[in-house]
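A.B. asks: For this one, chain A is given, so just place chains B and C on it according to the hints.
Protein chains in written order, with my numbering: chain A, 1 to 450; chain B, 1 to 343; chain C, 1 to 401.
I should point out that these hints are in silico values taken from the structure, not numbers from a laboratory. Any given hint could turn out to be false.
Derived lysine-lysine pairs resembling BS3-like cross-links, with alpha carbons at most 30 angstroms apart [said to hold, decoys possible]: (1) A/K407 x A/K253; (2) B/K128 x A/K337; (3) B/K128 x C/K232; (4) B/K77 x A/K328.
Facing chain A, according to a computed beta carbon distance under 7 angstroms, are these residues of chain B, among others [to be verified]: (5) L6; (6) K14; (7) S60; (8) H61; (9) A155; (10) N156; (11) P161; (12) G168; (13) S169; (14) N268; (15) S305; (16) Q316.
Derived coverage of chain B by chain C (criterion: at least 3 residues anywhere in the stretch with Cβ under 8 angstroms from a Cβ of chain C; other residues may be distant) [unchecked claim]: (17) 126–139; (18) 271–281.
Built from N, CA and C at the ideal position, the CB exists for glycine as well.
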Amino acid sequence: MGKLYVSRRSLLKGSAAAGVAIAAPTIFTSRAWASDFTNKPTGSSVTLGFNVPQSGVYADEGADQLRALQLAVEHLNGEGDGGMMNTFSSKALKGNGILGKKVEFVTGDTQTKTDAARASARSMIEKDGAIMITGGSSSGPAVAVQALCQEAGVIFMAGLTHANDTTGKDRRRNGFRHFFNSYMSGAALAPVLKNAYGADRKAYYLTADYNWGYTTEQAISQATEGVGWETVNKVLTPLGAGDFSSYIAPVLKSGADVLVLVHYGGDMVNSLTNAVQFGLRDAQANGKNFEIVVPLYSRLMAKGAGDNVKGIFGSTNWHWSLPDDGSKAFTKSFGTKYGFPPSQAAHTVYCQAILYADAVERSGSFHPCGVVEALEDFKFDGLGNGPTLYRADDHQCFKDVLVVRGKEKPESEFDLLEIVEKTPAKQVTYPHDHPQFAGGELGTCNAGTA
Amino acid sequence: MDVIILQVLNGLDKGSAYALIALGLTLIFGTLGVVNFAHGALFMLGAFCAVTLNRFLTLSHQVVDPSRTDFLGNPLKVEVRYIEEWLGPEIGGAIIDWSVPLSILLAIPVMALIGLAMERGLIKHFYKRPHADQILVTFGLAIVLQQIVKYFYGANPIATPAPEAFTGSFDFGVLLGFEPFSIIYPYWRLVYFCFAIVIIAAVFAFLRFTTFGMVVRAGMADRETVGLLGINIGRRFTVMFAIAAIVAGLAGVMYTPIVAPNYNMGMNFLVLSFVVVVVGGMGSLPGAVAAGFLLGILESFASMSAVIDLVPGINQVIIYLVAIIVLLVRPRGLMGRKGVMED
Amino acid sequence: MLGLSRKDTTLLLIVLALVVLAPFLLNPFPEDSELARFNAGYPDLMQRFVIFGIFAMGFNILFGLTGYLSFGHAAFLGVGSYAGVWMMKLLTVNVVPAIIASVAVAGVFSLLIGYICLRRSGIYFSILTLAFAQMSFALAYSVLTPITAGETGLQLSLNDPRILGSSAVDGTIPATNFFGIAMRDGFEWAVGGWKFTFNFGYYLCAVIMLIAFYISIRIFRSPFGAMLRAVKSNQQRMNYTGINPKPYTLAAFVISGMYAGLAGGLMVAVDPLAGADRMFWTASGEVVLMTILGGAGTLVGPLLGAGVIKYFENIFSRLNEADLNQMFSGLPDGLQSAMVTVAQMFVGDGWLLTLGVMFMAVVIFLPGGIVEGGQRVAGWFRRKSGTEKSGKAAPAASAAE
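The shape of chain A in the complex, shown without the other chains (with noise of 0.2 angstroms):
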């Protein structure tokens, strides 16, 4: 009648211990755990859980990735147009559910806090028997749940997470990431900053004063020195510091000639603001015209920035004007359904949904341990990137990195980016072992409970 449900591991390490003693029949008499997993599905149905801040700073981003989830569910159980799923290079998916169980899905509210993306998290693994979580928009709950679902033996599937730590310092066997780094959003600016404002430059960086601001600026000042930057002064700034005109004052006279604003949503907004405000964007500096540069682009927040990012480059995972047969193909999809066209933040979580129905299917059983082989290493196309590699070494997707430009004459309020240039992959990939990245260990696979 009851079921002792033990992790393996704690099983090996105690069991000695007095509590266990009532467990030792299921130790001896079952090793058919090897095949058992938290929260194997038996029914009829498969349950995912998507886990997106719903309240606070980042819920419009988060209600986007919830769209763009609920699309790749009725696209996975066969229903609407299929999206993606026709023009992505696996066939292994046949819009008859995974492994022919209708997918269905919890939700919850990550609030942008680590706790509470916890215990959203823990609430579906535990309560709804999600067998996978998915979503996000910041990196301090991507990490703190990706150890949770390590922990728990179900599968993460990052959504919006650009700090180096979620597939460096703080990577785990049971997560994934598709979307794009720091790292990478160096490696991709560099060269375009050089094209378009020389070598010879002076740059100021205004950082957010927390883990991703520090690998963000760290990525960024190392690509720019490597392509002959010289970096003048860099400043941390509060988070949600709201005004940012006392750090921005100072710029113009420190002989710098590039603002480089590494903040991420509504600070980006602000700190864009304000230094337009303050001339910065019609100044002159060491004989040159001052340039400002965003690291992290959103095209949701951009919106918030209105008329403020014009000309401003940055980078950005996805972008829904991109002309290949993938992003139409979702962009149709997703604009038919909502009447406005999908973010990055919705496109990197769809993807994800995607690719962990096909791993599923590819390895013929819902297994975390199956799922994280079929992922390693596993090389796809057609999901609006171009060709992409889940690397084994890390669990992070190489594939090519957006340059983009705030475009000057924008022809609705979509169309607010400009794709400046795709830097391949190949130019944005480094060792897995990379000083930025260093310190993290995958570890081993956990299937959870038995």
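C.D. replies: Chains B and C alone, transformed into the frame defined by chain A:
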């Protein structure tokens, strides 16, 4: 020298917002004895008055333009704004351009109404309740107001630019004889500062030179005696609450071009403005204004990179540090009366 | 029993029964039923109920008894969490040293902050505690990243030194355990359509919560407790009688700080990650809300308040449009969509709205919180059944605290 002037100027600007919010907060506290945790939400509502007017002025209908296509390849539906259609692109465009200052006209009645409704409907019943209850009920109200705004406007910041004439900046340093680019000051920030001064002056003048203000000041000092004189102080206090709401709302309206408003902006200011009020001295109007400017300037200085290098993280905590020091050294704040709110 | 009056013993036994039977009580709906989404009997939420119960209980010792409203209590919880995780990183994944370290570090920290803040009272005290907590949060999130891991949260990793124990077992991080019993393990019992989960981590927290509850009863009933109430009701009179209230309030502050540290330690014991977010001022606000919602100054109030708020946060925030459509699917079409639209404002991303409205309602109509509500209902029933003994209902209200 120029660096110092620069940061003082920046601080004045930040301080203007703090001072306006703290002024309203103190007004409510001083007159009604109520700790209003929804005051930040009033600031946010003011900002959304500007957003709403902008939305309203840019109401449009769609006209299909067959020569162009949208992102799905269908014929593009071009948005045509009614106001430009009716008044011509010249005047219509100008009205839209000036939507932020125009929002003042909308914000005054709207905020007054909200203030009246709040006081009559909710706050009135809490005069005699403990401060903890006041904090809780107004905090609950702040959450409700925020969520309602989020429901209609989403969570992303919404761009609300200043009129074309006030965008850009001028070189203040050159006027003072420094080298170019040493002190750049955006026009709109100058407008905001002057606006704040006018509002503050108006509130003080109102309290000082009108009979109404005199009664209110008397009520602030000794409510019971004023009541015994047969003056209906309650009604006047309601009006004061509405005025405080208007002040917070106007501060919000004019702030939108500086920081794009989102539903959460009030909460960011709330904690800060309480610190400002306490530093200034509970119940002291000049104290609140002075402390607002003082803390704004200190915050600016703490954000200089030379200072941060010296004391890492100082820019994160300066406001709280000042609050702690002031409260320990001079518990009634800069200009507060002794014993206010001590229990 | 245990030096408690009969009334308090009954209360303790009721709480004991509720806590032991929680896996049944919180899972009243069968697995496949529509209502199963309102079940709360899964390990994470059950753990949160008791952990935040401890947190609120500790807060109540300060606020409920002395009337000092601290707006920075989350800082102690956060500091406790960090101490706990560091213990597990450096020493052992056994949770006992971690919990002890959490309580000790939070105690020292609260002694320090309490000593400074208690020089002021009233709203000045509130602002001082708020300022300290906000400083702790801001620094933990940014400058102290090497110690706190800032944004991503401090967690265990595969290359922790861990003196007593191994850094990694088979390439995975060892599970936090209580002398070999892993916190995340448990016992599942499927009967009929129901599935009940008995999680070891939950029961550890529950046992500690009961001990904390017992201590809190003893404090409430002790001369020390009476002294603290005197601080609240009339500090001046206390001064005139020549008693210095400060050592008493400071002791209460430190005890409640240690309760918060204990809660923080238990949080990382069952889920080894400490994030700076749990020190943010809204988290401090939350514990105030819990206490007042349940009933400040009462013994069980904080427990109930913590339960209600955590239930809303975790269950209501997870209802989505599809769920609502299912729930109202019995209604005619037009009515269904109308109901869904209205309900949608309050669930999912709108759960905060529900919380705000509920909160205002409680403060306006039930200043004594849930406990007062219960007493009113009980009094109403008593009167109805005609067994009312005159004058009995009113004193009961104060005695139950």
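A.B. asks: Of all the hints numbered above, which does this structure not satisfy? Sort the numbers upward.
C.D. replies: 2, 7, 8
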